[in-house]
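Undergrad: Listed here are the chains, written in short residue letters.
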Amino acid sequence: MAAPYTKYLRMNRIPHMWCPGCGIGIIVKALTRAFDALEWSPDDLALISGIGCTSRAPGYMNMHTLHTTHGRAISFATGVKFARPNKHVVVISGDGDASAIGGNHLIHACRRNIDMTLVIVNNFIYGMTGGQYSPTTPVGARAATSPWGNIDIPFNIAELAKGAGASYVARGHVGSGVQLERLIRGGLDHKGFSVIEVLSNCHTQYGRRNRLADPIDLIDHIAKSTVNIRKAAKMSDGDMEGKYFVGLIHKDENRREYCKGYEQVIERAQMSK
Amino acid sequence: MQKVLTGNQSAAWGAMCAKAQVVSAYPITPQTTIIEELADIVAKGLLDAKFIKVESEHSAMAGCIGAQAAGARTFTATSSQGLALMHELLHWAALARLPVVMANVNRAMAPGWSIWTDQNDSLAQRDTGWLQFYCESNQEVLDTTIQAYKIAEAVNLPVMLILDAFFLSHTYEAVDIPGQEATSKYLPPYKPSIYLNVDDPHAFGGIVPQDIYMEFRYKMQLAMDEALIAADKADDDFKAMFGRGYGVVEEYRLDGADYVLVTSGTVTSTTRTVIDDLQEKGHSVGLLKMKMLRPFPAEKVRKILSGRKRVAVLDRNISVGMGGVWSQEIRSVMYHLPEDQRPPIYDYIVGLGGRDVTPEFIEEIALDLEKRPVKDCDQVWIGLKE
Chain A
1 MAAPYTKYLR MNRIPHMWCP GCGIGIIVKA LTRAFDALEW SPDDLALISG
51 IGCTSRAPGY MNMHTLHTTH GRAISFATGV KFARPNKHVV VISGDGDASA
101 IGGNHLIHAC RRNIDMTLVI VNNFIYGMTG GQYSPTTPVG ARAATSPWGN
151 IDIPFNIAEL AKGAGASYVA RGHVGSGVQL ERLIRGGLDH KGFSVIEVLS
201 NCHTQYGRRN RLADPIDLID HIAKSTVNIR KAAKMSDGDM EGKYFVGLIH
251 KDENRREYCK GYEQVIERAQ MSK
Chain B
1 MQKVLTGNQS AAWGAMCAKA QVVSAYPITP QTTIIEELAD IVAKGLLDAK
51 FIKVESEHSA MAGCIGAQAA GARTFTATSS QGLALMHELL HWAALARLPV
101 VMANVNRAMA PGWSIWTDQN DSLAQRDTGW LQFYCESNQE VLDTTIQAYK
151 IAEAVNLPVM LILDAFFLSH TYEAVDIPGQ EATSKYLPPY KPSIYLNVDD
201 PHAFGGIVPQ DIYMEFRYKM QLAMDEALIA ADKADDDFKA MFGRGYGVVE
251 EYRLDGADYV LVTSGTVTST TRTVIDDLQE KGHSVGLLKM KMLRPFPAEK
301 VRKILSGRKR VAVLDRNISV GMGGVWSQEI RSVMYHLPED QRPPIYDYIV
351 GLGGRDVTPE FIEEIALDLE KRPVKDCDQV WIGLKE
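So the sequences go chain by chain: A and B. Okay, so the first sequence: first residue is 1 according to our numbering, each after it adds one. Okay, so the second sequence: first residue is 1 according to our numbering, each after it adds one.
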């Protein structure tokens with residue numbers, strides 16, 4: 001019997017184009033399991049993406065899908081949400097898509113706190129185009145465009161989202177699918193702009209250049225570089241050097257959701273007539 | 001020195017030979033290997049340049065504009081959606097009269113998503129004030145990159161050289177790399193007359209009121225007119241020095257031909273073989289290769305096409321609602337000729353989204369041209385599925 005979450009997949013589009021061992025599969029599964037746990041119908045879901053390996057996900061998912069231009073998925077999604085405020089709008093994006101070319105849209109969606117969920121697959125590299133360094137590539141890491149090591153200081157995407165005003169911010173990783181599903185479900189269920197950063201493996205483009213060519217080794221490396229946020233609170237800055245805390249980072253249920261605010265201003269404007 | 005290079009590597013090696021000083025770029029398929037090759041070339045010390053990897057194509061062109069305004073020779077490369085995102089800054093580079101050089105790998109626009117070739121991305125930038133050169137081989141890509149700087153810097157306008165996705169960008173050919181000494185003689189260091197210089201201060205991008213804006217545009221038009229001459233000279237000088245020239249247009253077996261096929265990009269190479277076969281079989285058909293779109297080589301085209309029986313333009317692009325762009329341009333410049341000198345011009349739409357343009361298709365066009373009624377010369381779609 002098919003697993004309950006296969007109803008969210010276009011099974012006739014499988015096999016997918018991702019490399020064997022790619023973390024995106026784990027993330028798509030966590031996403032579909034979260035949809036299933038919330039008992040959301042595919043008819044009520046819109047999944048929107050930009051460009052990159054991650055952005056190919058909507059092609060395999062059985063719901064309303066839009067595969068849009070590089071970096072602009074959040075802008076398209078904002079249009080969808082405004083036209084259909086009662087639908088669940090989810091954006092799936094990569095680190096290059098969401099934080100480089102689309103960085104401006106990311107921070108402004110956080111600021112507005114519009115009710116949608118953004119899953120950012122952070123694999124530290126531009127995978128699809130062949131391994132150029134991205135805004136999350138660690139300092140010193142090698143990429144096609146930094147053959148002698150990257151000198152750009154990376155973004156901390158979760159902290160950026162929190163600082164910009166997102167009302168639900170979490171970070172998970174592909175080494176812990178159960179926790180990831182729980183974090184995504186929390187974001188989907190939250191009324192406001194939810195950002196779930198997922199540390200993922202691109203062994204093909206990132207791993208091969210950084211002595212982590214085996215997917216298991218790279219996932220293991222990612223898992224070992226994470227610290228649960230509760231444990232992290234008790235650790236010194238020195239101990240946290242090079243580590244990523246994971247878990248629910250920020251949740252604010254009082255920050256006004258944007259569509260709600262919009263309804264209120266329309267109401268005020270029409271009352272004054 | 002001979003090397004086996006892809007079209008993309010040829011563009012990178014061209015920028016190296018031209019001694020670009022600043023490279024500012026963003027990855028996009030199928031262009032990415034151009035900037036990767038350049039990152040490697042810079043890292044190995046083969047080129048003394050600064051390499052900036054930015055956060056979008058818009059920023060890539062902004063980086064080139066900044067560097068060029070500061071007096072540096074710049075290079076970037078992009079494709080399709082990336083070129084479209086750059087659109088605002090394409091105008092900016094041209095109107096600021098900065099001779100930036102860029103390689104664009106022709107890739108179809110989305111949606112539906114495609115990474116394969118057609119010309120709609122670059123043709124949509126026709127009116128931005130950039131010179132455009134469409135290349136046929138990897139050698140031509142490399143040589144045109146070097147020539148591009150010569151022309152751009154002579155007229156203070158930016159130059160885009162264009163190569164087909166995959167057919168050129170990712171296929172290998174033996175390419176001759178000109179020696180550094182000779183290249184430096186052909187293309188001396190960039191010495192702009194106006195740049196951001198503390199000893200001779202200038203401002204770029206000021207507000208221009210209604211009473212002088214038109215004059216700026218007129219000067220651009222004059223520069224484009226000059227570019228017609230500069231492009232020929234750059235090619236002649238190149239040929240004199242390196243033994244290879246291309247011409248802004250090329251006539252192939254056109255002597256006495258009644259029928260003419262007009263092509264650009266890699267379709268040209270395939271068409272050459274078809275022309276050889278057809279002439280063998282006694283057909284009076286030749287080939288006109290268009291390399292330069294802007295400035296448009298109007299005089300040359302008029303001279304070559306006037307008095308022919310019929311002309312077929314193979315357009316790997318479509319301006320939806322009108323037709324192929326090359327055919328419109330050619331019809332427009334032919335209109336002034338006396339009626340008996342003006343052949344009917346047929347517009348054949350081919351190979352969109354990377355669909356293969358095979359010798360069979362081209363032969364079909366050549367034979368169709370001989371018998372199709374003139375009233376049906378607009379938008380003949382070739383190889384269309386039912």
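These aren't lab readings, by the way, just hints derived from the structure by calculation. Check the hints yourself; a few may be wrong.
[Unchecked claim] If you want the footprint, here are the derived chain A segments under chain B, 3+ residues with CB under 8 Å:
no.: 1; segment: 4-14
no.: 2; segment: 91-103
no.: 3; segment: 108-118
no.: 4; segment: 138-147
Backbone N, C-alpha and C fix where the C-beta goes; we use that ideal spot for every residue, glycine too.
Undergrad: Per the coverage rule (Cβ-Cβ under 8 Å, at least three residues), is the segment 91-103 of chain A covered by chain B?
TA: Satisfied; 3 residues make the cut.
Undergrad: Would you say the segment 138-147 of chain A counts as covered by chain B, given the rule of at least 3 residues with C-beta under 8 Å?
TA: holds (count 4)
Undergrad: Count residues of the segment 4-14 of chain A with a Cβ under 8 Å from any Cβ of chain B, then say if the count reaches three.
TA: violated (count 0)
Undergrad: Is the listed coverage of the segment 108-118 of chain A by chain B valid when you require three or more residues with a beta carbon under 8 Å from a beta carbon of that chain?
TA: violated (count 0)
Violated hints, in rising order: 1 and 3; the structure is consistent with all others.
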